[in-house]
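Participant: Residue-level listing of the chains:
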Amino acid sequence: DAGVIQSPRHEVTEMGQEVTLRCKPISGHNSLFWYRQTMMRGLELLIYFNNNVPIDDSGMPEDRFSAKMPNASFSTLKIQPSEPRDSAVYFCASSSRQGRQETQYFGPGTRLLVL
Amino acid sequence: GESVGLHLPTLSVQEGDNSIINCAYSNSASDYFIWYKQESGKGPQFIIDIRSNMDKRQGQRVTVLLNKTVKHLSLQIAATQPGDSAVYFCAEAGNQFYFGTGTSLTVIP
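Keeping their order, the protein sequence lines are chains V and L. Just so you know, the first sequence maps onto residues 1 to 115 in this note's numbering. Just so you know, the second sequence maps onto residues 116 to 224 in this note's numbering.
Be aware that one or more of the hints could be misleading.
[Unchecked claim] Straight-line alpha carbon distances no greater than 30 Å define the calculated DSSO-like cross-link-like pairs of lysine-lysine that follow: (1) V/LYS24 with L/LYS157; (2) V/LYS68 with L/LYS157; (3) L/LYS157 with V/LYS78; (4) V/LYS24 with V/LYS78.
Treat the hints as calculated values from the structure; they're not laboratory data. Quick caveat: nothing in here was measured; it's all calculated off a predicted structure.
Working from the sequences, and respecting the hints, build out all of it.
Facilitator: In C-alpha cells:
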C-alpha cells in the first residue's frame, strides 16, 4: 500500500497567489482529514470528510480556505489568496471508519511557504 | 476550552533506558486515544491506541496506560533506541478530536 499521497511536497509562492494542495487517501478508506501544523499552534484539524462529504469544517481559518473531495480517491485544499501567515506544513490523513474514532494515517505533508 | 496537553515538552533518555511520556486530557467524553510519533520532516505515524474500556495496552516495546479517573494517558517505550528520537503526540477522540502539543524525545547514545 502506498499510503496517503500528497502533492506537492514543497510549495513556495508569493502573497496573493492561489495555492492548491492535493491528497490521495489510502484505497478503501472513507474518511479524509486536512491538518495544518505550525510551531506556534501545533496540529490543527481544518476539515474532515466522510464518504466524500464535508462533515466538519469548523477548523477552516477563513473564507480564503476551501476543500473539496470530488471522489473517494482525491481531495484538494485551496487557499486563495494566500498570505504569509498561511505558511505551514499541511497534512492529509485518512481512516477506514467514519468520524474521528479510528486511527488516522498521515501523508508526508506539504510544506508551504508564502512570501 | 477543553484540550489535550503534555506535562513535559522535552525528554532526554539514555539509550537502553525506558521512556515515559505523559499526556493529560480534559474532555471526559473522549473514549478513544492514540499515540503518534513524528520524525523530523515526516507526518505523524500511528504507534498505538487504546479505547476507554481498557486501562492498558501493549505493543512491540510500547505500552499505553489510561487512567480515566485522573484523565491521564502515558506512553512507555522499553529499551529506548536512537531511532525512537522524535516528537510524540497524544490524541483524543470522542465528540471532538484533538492532538496534544507534543513531547520531543531525544535518545542519548
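Participant: For every hint, state whether the structure bears it out.
Facilitator: A quick look at each hint next to the structure:
1. V/LYS24 with L/LYS157: Between V/LYS24 and L/LYS157 the Cα gap is close to 17 Å, so the pair holds against 30 Å.
2. V/LYS68 with L/LYS157: Given pair V/LYS68, L/LYS157 holds - Cα atoms ~24 Å apart, limit 30 Å.
3. L/LYS157 with V/LYS78: Holds. L/LYS157 to V/LYS78 sits at ~22 Å (cutoff 30 Å).
4. V/LYS24 with V/LYS78: Distance of about 15 Å is within 30 Å: holds.
When each numbered hint is compared with the structure, no violation occurs for any of them.
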